[in-house]
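Given next are the chains, with one letter for each unit.
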Amino acid sequence: MDPVDAEIAKTQEERKIMEAALAPNSITFDTELYDGSNRFQDYNREIPANDDEENADAMDNEVARKLASYTAPRSLLNDMPRGGDDDESLGFKKSQRIIDREDDYRRRRLNQVISPERHDAFANGDKTPKPETRTYADIMREAALKREKEETLKVIARRKKEEEENKAAGKEREPAATQPSQKRRNRWDQNQDNSDAKKAKSGSDWDMPDSTPGIGRWDATPTPGRIGDATPSLSRKNRWDETPTPGRLADSDATPAGGATPGATPAGMAWDATPKLSGLATPTPKRQRSRWDETPATMGSATPGGATPAAAYTPGVTPVGGVELATPTPGAINLRGAITPEQYNLLRWEKDIEDRNRPLTDEELDTMFPQEGYKILEPPPSYVPIRTPARKLLATPTPLGTPLYSIPEENRGQHFDVPKEMPGGLPFMKPEDYQYFGALLNEEDEEELSPDEQKERKIMKLLLKVKNGTPPQRKTALRQLTDKARELGAGPLFNRILPLLMQPTLEDQERHLLVKVIDRVLYKLDELVRPYVHKILVVIEPLLIDEDYYARVEGREIISNLSKAAGLATMIAAMRPDIDNIDEYVRNTTARAFSVVASALGIPALLPFLKAVCQSKKSWQARHTGIKIVQQIAILIGCAVLPHLRSLVEIIEHGLNDENQKVRTITALSLAALAEAAAPYGIESFDSVLKPLWKGIRSHRGKVLAAFLKAIGFIIPLMDAIYASYYTKEVMVILIREFQSPDEEMKKIVLKVVKQCVSTEGVEADYIRSDILPEFFRNFWVRRMALDRRNYRQLVDTTVEIANKVGVPDIVGRIVEDLKDESEPYRRMVMETIEKVVANLGASDIDPRLEELLIDGILYAFQEQTSDDANVMLNGFGAVVNALGQRVKPYLPQICGTIKWRLNNKSAKVRQQAADLISRIAVVMKQCQEEQLMGHLGVVLYEYLGEEYPEVLGSILGALKAIVNVIGMTKMTPPIKDLLPRLTPILKNRHEKVQENCIDLVGRIADRGAEFVPAREWMRICFELLEMLKAHKKGIRRATVNTFGYIAKAIGPQDVLATLLNNLKVQERQNRVCTTVAIAIVAETCSPFTVLPALMNEYRVPELNVQNGVLKSLSFLFEYIGEMGKDYIYAVTPLLEDALMDRDLVHRQTAASAVKHMALGVAGLGCEDALVHLLNYVWPNIFETSPHVINAVMEAIEGMRVALGAAVVLNYCLQGLFHPARKVREVYWKIYNSLYIGAQDALVAAYPVLEDEGENVPKALCKGGSVVYMSCHLDDEEVGKSSTLITCSFPLETMNGV
Amino acid sequence: MQASDRFNINSQLEHLQAKYVGTGHADMNRFEWAVNIQRDSYASYVGHYPMLGYFAIAENESIGRERYNFMQKMLLPCGLPPEREDE
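Protein sequences, first through last, are from chains W and H. One point on numbering: in full-length UniProt numbering, the residue at position 746 of the first sequence is 746, and numbering is uninterrupted. One point on numbering: in full-length UniProt numbering, the residue at position 23 of the second sequence is 23, and numbering is uninterrupted.
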C-alpha cells in the first residue's frame, strides 16, 4: 500500500501546485469570455420537473423556431381551430369531476367532517339522553372550546410575536448570543407557542415537540372517545401545523362511534376515512401514520396532484407481496383495488428510477474496480453529503424491492383496465368506489350475516346501482331505496350515502343521483332524519355555493325538504353551533342554508332566532352570520321579503354601528340586498337606517364606505322625489370625493351609485349639471377607464343614465371632442356612449355647431379605427346618421366619398365595414332624396361583386339589398335585368353569409321586380336554388323556399313545379323535405288547383321517396291553405285512401298527418262525409306501435274530434273500451282519455246508457219507472255509414218525472 | 307501456291524462266508468244554467233545489261500489 499512498500523495501535491500556478493566471483570462465566478449563472441548475411550460410550444422558442424548417407563422399556428378544449380534440373527454372545476375556497368543503348523529329531543321526550349521544349542549360546549382554543392560540401567537420583537431588540444589543436555541424554537413557534403556555399549563412538555403525549391534551374534548385516541402525536402535530384552524380533525376522531373502535366495523372505517381527506389538503409526508390512516381515500385523492406519491407508495409497490403479506382484512382488499393503473405505473417507474440512481454501495464498487492499485480515501472535511429529505422518503421500505431491473412479472390475477366482473349483476365499480363498496366483493354467504350487516349490504348494493348502474337498474334501485327507507333506517342509509358525497372524485352526474336519493329518502323518513340533520347539511351546504346553477337549485330543494321534515327547532339546533364557527367557509354556507330554511318555513318563524343571533354579545362572528342570513334571504326570495321588511331591517340595523368592521360592512350589504329586493316599495321600512347610513359615510373609509355607499345607492331609488333629491345631495359630497379613489372596486360602486341616484325622480337636471357633471367628467372620462372592461361598461351605463336626465347636448357636447382622441379604446368608449345616448334620446337637441363637430368626429373615428371587433364604430355611425335624419344631407357626399374610398381599401375588414355602413344609412339617404347618389353607390357595389372574401361579398350583397329596398326596382341602377344574371353564379357560393344575403336579394327581386328578368333566367335560378335547400342555416332554407313561391308566381307554376317534382327523387332527406315545403308554398301562392293535378299524378311513380314526398307536400299544402282545403278534399280523398292502406308505414303516417291538417282546416265547413270516410281508413292504424306513426294517427283522430265532434269519435271508441284483450283496451282508453280531455263537456250528451247488469248497476238506473233510453248504435255497418251515426244517447234517468 | 314509447311524447301524454279524474284506464270496470259518467253528467247539468232550468221545469222544482239534488247525487251516483272479486 505504501507505494500507492506515496503515489497518491504525489499526485495530490502536483495538482496543488498546478492549481496554485493557475490561480494568479486566471486573472489574465479574458474576463468577458471566461468569467470564472458566475459563468454558470445562466444555466439551469436543475432539470425542470414539469416539462409543460418550457417545451410545450416549440414555435414559441426563438431558437427552436429558427432551427426548425419553414413553417406557418405563429399567429396562424396559434389560431388553429381547436375543438374547444385540447383534450376533446384528441378524443378525450374533459374531466367530469366536480373537484377539478372547483376553486380553493369551494374545495374547503372537503375539510368538513360529517358530524356524528345527534340527540333528537322530540323523539326521546323527557328522558335523559344516554351519555354517549351528543346533545345540543355537548355540541355547543365543543364549539365553545374550539373557539376558545383558537383565541388562545391567537393570544399565544401575539405574545410570541411581541416577545420575538423584544428579543430582536435585545439581540441588537448583544448579537449572536442565543442563536442556536432561537433557531430550534422558531420551528416550533410557527404553530403554537410555548413560553406562555408553559407558565399557564405548568407542564414543560411544550419544549419537546415530538412524541410527547401531552399534546393530546390540547385536543381534548369532553367526549369519551377522545381519551382512547392513540394516534401518534407527531402526525397529528404536522397536520396541526399546516392548517391554521385545527380542531376539526381532532373532533372527528373524537366521535363515540368512530373514535372508540376505529375501523372495527365497516361503518367505522368509512368514518375514519373521511377526516383523512382533510389531511389531504395539506400534502405533508405521511410516513409515520398507522396503517389505519392510509385508507385508500388518501390515495385516491392523492392521485390528482400526484403530490404525495410516498403516501400511496406503501400499500401498492409490490402488489403481490404487499397484499399477500397482509392479513386479508377488508382493508387489504380495498387497498388492492384502490390503486389505479396509472398510479401503479407511476410508482413502478419511480421506484425503477430510484433504484438506478441510488448511490453505489461499497460492495458494488469493490466488484467494479480492480483490487490492486486503489485506495479508499477519507472524504475531505469540507464534504457534506446531500441530504434531501424527499428522496429519503421515497426510498423503498419494502422488503421485496429488487435492486436492479427485473422483468416485470405478468400478473394474471389483476387486470387493471378491465373492470372486474361484479357478483350478482352489480354494475362495475370504479377504483375509487372500492373503498365504499369493497365489502360487496367479499363472497360471503348472506345467510351468515347478522340482520344489520345484511341491511348494510342491501343499502350498499342499491347505492352502487344508483351510482353506477344503467338507467333501468338505477330506477328500480332508487324506487327500492325509497320504498324501504323506513325499514332500512335513517342511520344506516345516511352513513352510507353521505360519505359517498364527500368522495373527492365525485362527478356531477353521480352527485346529482345521490342527491336525488337523499331527496327521495327524506320524504319517506320524515321526522326520523332529525339526528342526521347536521350530517346532511355538511354534505349539502356546499351545493349552495356551487358554480353550477342546477346544483344550487338542487341543494336548495334538499335543504328546504329537510327543514320541512325535521322542523324548525331541529334545524336551528343543528345549525346554531356553525353560526359562529371559526371557519369562514362554514359560516358562509350556513348563512345560505339558513336563508333556504327561512324561505321554506316562512320568515316569521325564523325572526326571533335571527334577532337573537344578530344581537349576540358573545362573538362578532355570530352577528356577522346572522346579518348575512338576512342578506341571503333577500337575495333568495326577492320581493317576497316585503311583508317582513321592517322587522328584517330592525333586526340588523344596529349592525351599522357595530364595533367590528366586518359586521358593519355586511350590514350595509344586507341593507342593499333588502332594498334591491324590495324595489320600488318599502322605503318606510328603511327610515331607521337612513341616519346611521348617512352618518356612516362621513366617518368610514375604504371597504366599509363602499358597502355603505352601495346600500345608499339601492335605497335612494325607493324614496319619494323630495327626499331622494335631499339625500342625493347629502351623499353626493362623499361620492364626488370618492371620484378620485384609486381603488377599482370603489370606482365601480361609485359609478353605480351615481347611476342610481341620477335615475331617481327627485334629482333635478340642473343639480346634476352644476354639481356632478364637472367632477364626473374630470375624474372618469379619462383614457385609463377605457382599458378595464368592467369599468368601461359601468362608465358607459352611468353616462347614458345621466344623459337621460340632462339631455343629449350636455353629454355629447362634453365628449364629442374626444372622438378625435389619440387613444383608440377611449375613442371607442366615447363612440359607444354617443351611440346609446343618441339612440335613446334622438338628435333633435343637437344644435348645428355640435352636429358639425359630431359628424366630423365620427368620420375621424371611423376612418382612424384599426381594430373593431364589436362593430362599435359602425353601430355608432349608423345610430347618429339615423338620428340626424335629413340633417345629414349636407354631409352625405363626404360620407359617401369616405365609403367609396374605403370600399377600395386593401384590407378586407375595411371594405366589409364600408359595405355594412351603406346598408345602415340607406334609409337616411332616401330621406335626404339622394337617390342619384344611391344609384351611384349601387353601380360601385355592382362593380365589386367580384369580391373574393366571402365576408365582404356578403356585406356587399347586403348593401345592394338595402339600396334596392329603398329606391325600388324601377329606379335601381344598375338595372335589375343586369343585376340578376350577375347574382346567379353567386348563388353557388357555399359561404353562409353570402348565401343568406344573396338569396334575400334574389327573393326580393323575384317578389317585386320579376318582370324585369326573362323567364329563362328565373328557371336557371330555380335550379341553383335547389342546391340551397341543403344549407345548414334555417334562415337560408326558409328564404329559398319562399323564393320558389315568388318565382312560381312570376313565371307560372308549371315549370317550377316540374323542377321541384323531379327533385323529390333525390336521396337526401333534408333536400326532399325542403322540396315538399317548396311545392306546398308554390301551391299556396298559385292556388292549389294549378299544382294538385301534377302532384297527384306524381304519386303514380312507383317509388317510395316520391310517393312520400307527394304525401308530405299534401300535408304541408293543407296546413298552409287551411279553409281553402274544402274545395280539394274530395279530389285527394282517393289518393289518401290508397296511402292509408299502403303497406309502408311512412305512407300511412304521412297520410294521417295530411288527414289531420285537412280535418282541422275544414272543421265546420260541411265536409263531414269525406272526413268520416277518411276516419274509417285512419282508425285501423290505432294499433301501430312505431312512435311517429302512432303520433300521427292520434293527431289525425284529434283532428277528427274537432271536425266531426266528440260524439262521433266516442262512438268509434265505445266498441273497444271493454274489449277482452288488454292490448286493445289500452289503446281505446288512451283515445278515450284524449277525447275526454279535449271535449269533456261535449261527451255528456253522447255517453252511452249502461244497462243493469246485476249489482254494479247505478242506483238511478234501477229506480224503476219510465227510464228513458236512447240507445246508441255501435254496429260496424253503421259506423261505416257516416251520416246516420250521430244519434246521441242521453242518460236521462233524471227526467223521471217527464 | 311499450318500450318504444317510454321516452317519447306519448308517455308524457299518458301522464297528463292520468291527472284528470274522469279519465280511464284498461283495468277500469263498468262500475267505475259509470260513476265517472254520472258525475260528469251532473256536473255538466249544474254547470249549464239552461240545462238546469230545463230540468227544473220538467220536474216542477226550483232551480236551486235541482242544483242541490244534482250535487247530492254526485256523491254516490251509482250506489256503493260492488265487491271486487280479485281482492
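Just so you know, these hints were derived from the structure itself, not from any lab. All values derive from a computational prediction rather than experimental measurement. Check each hint, because a few of them may be wrong.
Claimed, not checked - Result set (DSS-like, lysine-lysine): computed pairs, CA atoms no more than 27 Å apart in a straight line:
1. W/K926 <-> W/K993
2. H/K19 <-> W/K1223
3. W/K475 <-> H/K19
4. W/K993 <-> W/K1033
5. W/K524 <-> H/K19
*Okay, which hints does this one fail, numbers in order?*
none
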